[in-house]
Structure formats: C-alpha cells, structure tokens
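Using the sequences and the hints given, assemble the complete structure.
Chains as they are written, first to last, in the working numbering: chain A, 54 to 713; chain B, 437 to 613.
Worth double-checking, as some hints may not be accurate.
As the list claims (entries may be wrong) - To give an idea of the chain B side of the interface with chain A (calculated C-beta under 8 Å), a few residues: (1) R439; (2) F442; (3) V449; (4) V453; (5) V455; (6) L456; (7) A457; (8) W511; (9) A513; (10) R524; (11) A526; (12) L551.
Hints are computed from structural coordinates only; laboratory data are not their basis. For glycine and all other residues, C-beta sits at the position ideal for the given N, C-alpha and C.
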Amino acid sequence: MIAELGHMALSVALVVAILQSTLPLWGASRDDTGLMAFARPAALAQFGAIVLAFGALTHAYLVSDFSVLNVATNSHSTKPFIYKLAGVWANHEGSMLLWVLILALFGAAVAAFGGNLPDGLRARTLAVQGMIGVGFLAFMLFTSNPFERLYPAPIDGNGLNPLLQDIGLALHPPMLYLGYVGFSTTFSFAVAALLEGRVDPAWARWVRPWALAAWTALTAGIALGSGWAYYELGWGGWWFWDPVENASFMPWLAGTALLHSAIVVEKRGALKSWTILLALIAFSFSLLGTFLVRSGVLSSVHAFAVDPERGLFILLLLAIAIGGSFLLFAWRAPSMEGGGMFRPVSREGALVLNNLLMSTAAATVLIGTLYPLALESVTGEKVSVGAPYFEATFVPLMIPTVLALGVGPMLAWKRGDLAGALNRLWVAALAAVGIGASVLYLRGAPVGAALGLGLAVWLAVSVVTEWAERVRLFRVSIGQSLSRAVGLPRSAYGMSLAHLGLAVFILGAVGETFFSAEVVRFVRAGDQIGIAGQTVTFEGVTKRQGPNYESDVGTFVLPSGDRLESERRFYPAEGQRTTEAGIRSRPDGDLYAVLGEPAGEKRWTIRLYVKPLVMWLWAGCAIMVLGGLISLADRRLRVGAPGPRRASWQPAHAGVADSD
Amino acid sequence: MRRLLFLVPLAVVIALVGVLAWPILEGRDPRSLPSVLLDKPIPPFELPGLTADGSGLSAGELAGRPLLVNVFASWCAPCRHEIPLMVRLASEGVPIYGIAYKDDPAATQAFLAQLGDPYRGIGVDRDGRIAIEFGVYGVPETYVIDAAGRIRHRHVGAMTEDVARRTLLPLLQELSQ
Chain A
54 MIAELGHMAL SVALVVAILQ STLPLWGASR DDTGLMAFAR PAALAQFGAI VLAFGALTHA
114 YLVSDFSVLN VATNSHSTKP FIYKLAGVWA NHEGSMLLWV LILALFGAAV AAFGGNLPDG
174 LRARTLAVQG MIGVGFLAFM LFTSNPFERL YPAPIDGNGL NPLLQDIGLA LHPPMLYLGY
234 VGFSTTFSFA VAALLEGRVD PAWARWVRPW ALAAWTALTA GIALGSGWAY YELGWGGWWF
294 WDPVENASFM PWLAGTALLH SAIVVEKRGA LKSWTILLAL IAFSFSLLGT FLVRSGVLSS
354 VHAFAVDPER GLFILLLLAI AIGGSFLLFA WRAPSMEGGG MFRPVSREGA LVLNNLLMST
414 AAATVLIGTL YPLALESVTG EKVSVGAPYF EATFVPLMIP TVLALGVGPM LAWKRGDLAG
474 ALNRLWVAAL AAVGIGASVL YLRGAPVGAA LGLGLAVWLA VSVVTEWAER VRLFRVSIGQ
534 SLSRAVGLPR SAYGMSLAHL GLAVFILGAV GETFFSAEVV RFVRAGDQIG IAGQTVTFEG
594 VTKRQGPNYE SDVGTFVLPS GDRLESERRF YPAEGQRTTE AGIRSRPDGD LYAVLGEPAG
654 EKRWTIRLYV KPLVMWLWAG CAIMVLGGLI SLADRRLRVG APGPRRASWQ PAHAGVADSD
Chain B
437 MRRLLFLVPL AVVIALVGVL AWPILEGRDP RSLPSVLLDK PIPPFELPGL TADGSGLSAG
497 ELAGRPLLVN VFASWCAPCR HEIPLMVRLA SEGVPIYGIA YKDDPAATQA FLAQLGDPYR
557 GIGVDRDGRI AIEFGVYGVP ETYVIDAAGR IRHRHVGAMT EDVARRTLLP LLQELSQ
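Structure representation (structure tokens):
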C-alpha cells in the first residue's frame, strides 16, 4: 500500500513538474505576474511529492518489504539498519529517486530563498529546473520504477553487494549527487539568462553561491568515493582513472572553472557568456556522468546494470538538455558580451588562465574517457586507455596550474603587477626550491617527487604570504594585524583554505605515489615480515561471525605493539567475498595490511603496504570542503545570497555595502 | 565569424551524442566481443621477455597442449586482483602464459615480484600490437587456447574463482581429452 502511495506521489510530482516548466515560462513571456508566481509553490510541491515517494521507498527498505521488486533484489532481512537505509540508493532505481529528490530540493531552495530575485528571472529559472525534473521523473516512471511489485514475494531478498556495505559508500552517493545535481541550479540560471537575453547583476550574485555549494558537496563526494576505494576495495590505491571516477571528476573541473569565472562576472561584469557556457558545461558533465554510469556503454567496477532502453532514454534527455541549451547559447550569447576591460596580467587574467587550464584538463579527461568509445564507433577497433595516458596528460597540466595559483591572488584587478607579485613571493619560491632540491639530493627521491613537494610548498607558502599581506603582518603591530585578520571577509578565508587544501592534497598524493612500499608474501602464523625498515609479525587467522557474514580474521602485530586486523568476509546471502584491510593511519603515513587467499595448509597470502602521508590526501580534500563552507557562510551576509534567515538579513542588505 | 565560434559547443555536443548513441543503437554490449577470432589459430608472433637475456614468448611455444593466455598490465587494477587466484591455479598445475600489455618491463617485474608470478612464460607487448591480433580491447583478458593453437574461449575482465571453476578449467579439461 505504501509503495503504491510512493508511486502515486512520483506521478503527482511529474504532473507538477510539467506545470512548473510551462506556466511560469508562458507567464514570463507575457509579463503575467500571477502565472510567474506559480513557479514557487509548484517547486515546493514537487519537492514535497518526491519526499513522500522517497519516504515510501525508505519505509519499504527498513521493514524489508520484499513484495517490492527493488527491495527484494537489493536488500536482505539480516542486513544491519544503516545498510538497509543506504540500500535505498545503492541501486539504479533508488539512486535515480535520490537524484530527482536532490534536483527538487535545489528547485525548492531557489523558490524558498529567491524572494529578492527579479520575477522573470526566478520564474524562468524554476521553469528550467522543472523541465529537468520532467525529464528524469518520466525516465523513472517509464523505465525505472522503484515501486514495482513482485508476486509472489520472496521469503528473503538477494542482499546488497557486500562491497557496497560500507559507511563511506552510504554517504558517498548523497554527497556526490548534491554536487552533481547542484550544478542543475547554475544550469537553470544560465538558461534563464539566455532566455532573457541579458545577464543582470542579480544573476551574477546568485550564480556564485550556488556553484560554490555544488562544488563543495562534489568535492566531499569525490573524496568519500576515493576513500571508499582505498579502504574497502583493498587494492591500496585511491584513484584509478576509472570511467566512472572520471565522470565525477569532469563536473568538478568544470565547476572549479565556473566558480572562478563567476567571480569575474560578479566583481567586474566581464566574461559573461563564458561563465554561462561553463555553467552549461558543468551540468552537461553531470548528465554525461549519469549516462555513462547507467547506460552500460562503458564497463566499470562502479557501473549499474546494463539496460539499452534506459541508456537510450538518458541519452535522449542528455541530447535535449545539452543540445537545446547550447543551441540557445549559440543564438543568444553573441549579443551578450561587454563589461569591464582588463589587462592580461591582472586578477581577471589569472582567473582566465585558471579557466583555460581547468577546461583543458576537463577536455583531457573527457577524451581519455570517451576515446575508446569513439574509436570503436568509427573503426570498430577496441582499445583501452589506461592510467598512463592520464598521468602523461593531466599531471603536466597541473604544474602550471599550481604555479599560477600561487601568484593569482596577489594580482590586482584590472591591471596587475606581475614582477611585484613575484617579488613578494620570494619566500615561497625559496622554500619550494629548497625543499625540492633537498629531497632530490639528500634523500635521493625521484624528480617527480621533488617537483610535487616543491609545488605543494610553493602553494602553501604563497597562500600564507597572501594572507599575511592582507593583515599587514609584521608591518603594523600584532594587535592591528589581529583585528585585520578578524575583519577579513569569510570568502577570503574560504579561498585561502581551499588553495591550502590543494597544497595539502598534493603533499599526500606525492607521498603515496612516490614513497609507497609493498610486500606480498606467503606466511604462516608467527612469521615476521620486514617492510620499509619495520618488522611486522603475523599472528595467524581466527574465524569470526559477523551480523550477515562469516570471516577469517588475520592479525598483525606492529613494532609498536599495536595490532591490526584484516578480514576476508564471506556473505552467504550474496555468495560473495570481500576483503577488509587493516589500516593503521598516522600523520606520517598508513600501514595497510591485507589478508589474501589461503595458500595451502595453514599458509596465507598477505599483502602489506606502507603508504607515507596518504592521510593528507583526504585531509586536503576536507580543508577544501571547509573552505567552501566558510565561503558559503559569508554569502548569506551579502546581497542576493540565499539564506534561511531572511528577516534578519534583509535590513543588512539595505544598509551594508559590499566590503571586499 | 564570431557567431560561428558560439556554435562550436553545439557541434561538439552533436558529435558526442553520436558517439554515445552508436553502441546502444547497434545493440552492442561492452562485455561481448567480436567472435571473428574465435576458433581461429592464434596469430604468429614472437615477443621479447622481461629481461634482455631472458626468453620471451612465441606462438610456437603455445602449441601442443591446451593452456591459458592472460593479457595483463601493472597499471591495471583488476589485474592486480586476479593475480593471487592465478598463482593458486598455477600451483595446481594449470598452464598460464602471460602477455604484458603496453607496460614497462621494469614495472611488470616489480608487479610480479610483489604479487607473485603465475606465468610459465611472459611476452612483452610494448605497443600492444600482438594483443590487438588476439582481439584484446582492454586488460585483463584471458584466452583458452587448444592443443592445435586455436582460440577457443575468451574471458573479459578479472578472472574470479567462479569463472575459473565453472568455465575456464572445465574447458581446459575437456580440451585435454
């Protein structure tokens, strides 16, 4: 019964979405305020209906209602509560439901907080958001209904792929979708601006916080996914350039570019059509990612079940959304240029450089991901593009990016002084060269490692230098510097933290890539294994019973006396095995132990890894996310920014001038 | 001219949609493979070994008895996953030969030193030419070759316990009789 209610709610949402995408648009073209005003309640109602549907599916999972096909194929009564919950979105239909839920959430947020947007812009934005909703709701109802019944209901379900029974994975999709789908808002804004044929100041102020929100969530989502691969897959790696990983990385790159070009639109009124294009591209990459994961045109560890009908439907949606918006762009954007002029060497110039590098990087990843498909379509030949391609193309692009990243924030708007900025960065340059050279000559590290560490140091010291200049550290008294530091806008801290996060991330990546050690051995209980100057003792294997699995637990004793456990789990319901690595994380690096296959009588294959500095990979991402959140907190105080406490910021909006 | 520039993104999208639609419209499954090479003799080839003085792998060595040929690379994550299983199969006497696909021999050596070496012989296919002759489109792939040197079966992706026990080993067994 509840499942039927969910199905009905989803149908209602589709009807509301159809109205939301047509009436306000018609109203906006006739300047009819009544019709335009319909957009807001419609967006809220659509969200409400999808919340109901999502609630209904969640209920089916929690009570293990196996008469619902989706629950029967993906859940099992003995599964722990948290994975029953996560099971809702660990399959194609449920994750699509989460997708439209978040889409409607963003629509509702624009409706709720968009009180100070011009009527026409708001109506058009919500209408476009509604159109995306129509597409995906129709997709769900016609090809991927999560509420389909199964007669007769089985006694128990098939269970969830044990690889997916992990806390990182429970959180990874919601975060990732918040990011992916978050770019729908900037997309809708961009299309609305194209429909209006102009970019008004309200548009510029609105796009950046939404882009920032989406970017922050996407950063967190990708980091969680990479953490899941590292901790759960047991391969000891954190990024494999897998097509699905690339699919989430491309919107991140485009979103990063969008975030930076939106600053130029906001502050200087330049780069309008380019920013609109980036907003379209960022969401197009999100749609492409959705397509790649669900169509089965590429095979990947992450991909959902292959179904050509679904693939074709999403491709059709993708063609309409991207093709339509780009057609509109080609028609309207040429007449929209204008705005502030600037010299190549200036803050704007630096942001343009960032945009060029980010777009090139995104194109590189796109080509690497789709080249095998394209080649096969044209010549019928099958090839594979592996990590070597990405390492040879993507990594070199990041070197100028990081070099420029140190300098960019030091340049003034309109016309910057490159020599002056470089002059002030002498400490950073010295530190970078010093560290790079010393690891190269004193520790005999590879050139790549020296280069990477040098870049990380360069970036970190540059960020600190820029902050020190802003607060005039050591030029005025400490007290004055302190009060300047308190007075700096949060967005400035957001930027510094995000850039610093990248430096920390590079540190972790360099440590993991260049200094890892790995040992694979056959061992018996009591054997000692030497790795990277440490001796680890293998204590042997014991049996253990988990809530829905049985496992062999291998115990390792570290030189410090700490014990590490690695499990080989067997999930009888699914008939699958998984490996749980035993990991001891410390700031200087991880020790990663994996119990492998049994190798005859009382012998086991084990793998040990030492991964220096790997923790900083995720710490760097966390710092970037923190930077995004702090910068978002600033937005609320500013004109036109979204925020739940409208009453309290409305007066401030009238009285306080933009201060940075 | 300027207007044309604004049409570039649209043109890119149209090309992209075409590329993506092709495999679906053709009803192609990325996991299924052209069967043109099936039951055909393996291509004549002669590959160098991992070290300058070590022996490589040639078509001649593969003739005479049924065996498995595994195409792998050190940069490929699923390959890493299937090696321990193959090491175990090799210790049970299953003949497995390896083709190191588009890989640096030093990296391959390090990879095998770490994970174990299940192969009776390895050929280094630096540019991937021989693998293409076999019909490889991604790594890992495993081929069952019969005593007459014909390709009898191809498995795409990492070998699992299931695949080995249900498909590859029974087929080898059948071919040896």
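Results of checking the hints against the structure:
1. R439: Holds: closest Cβ of chain A sits about 5 Å from R439(B), inside 8 Å.
2. F442: holds, 5 Å
3. V449: Check passed: Cβ of V449(B) comes within 5 Å of chain A, closer than 8 Å.
4. V453: Holds, because the Cβ-Cβ distance from V453(B) to chain A comes to roughly 5 Å (cut-off 8 Å).
5. V455: holds, 5 Å
6. L456: This interface hint holds because 6 Å falls under the 8 Å limit.
7. A457: Interface hint status for A457(B): holds (6 Å vs cutoff 8 Å).
8. W511: Result: holds, 5 Å to nearest chain A Cβ.
9. A513: Nearest chain A Cβ about 5 Å off; hint holds.
10. R524: The hint holds - R524(B) has a Cβ within 8 Å of chain A, the shortest such distance being about 6 Å.
11. A526: violated, 12 Å
12. L551: holds, 5 Å
Violated hint: 11 only; the structure is consistent with all others.
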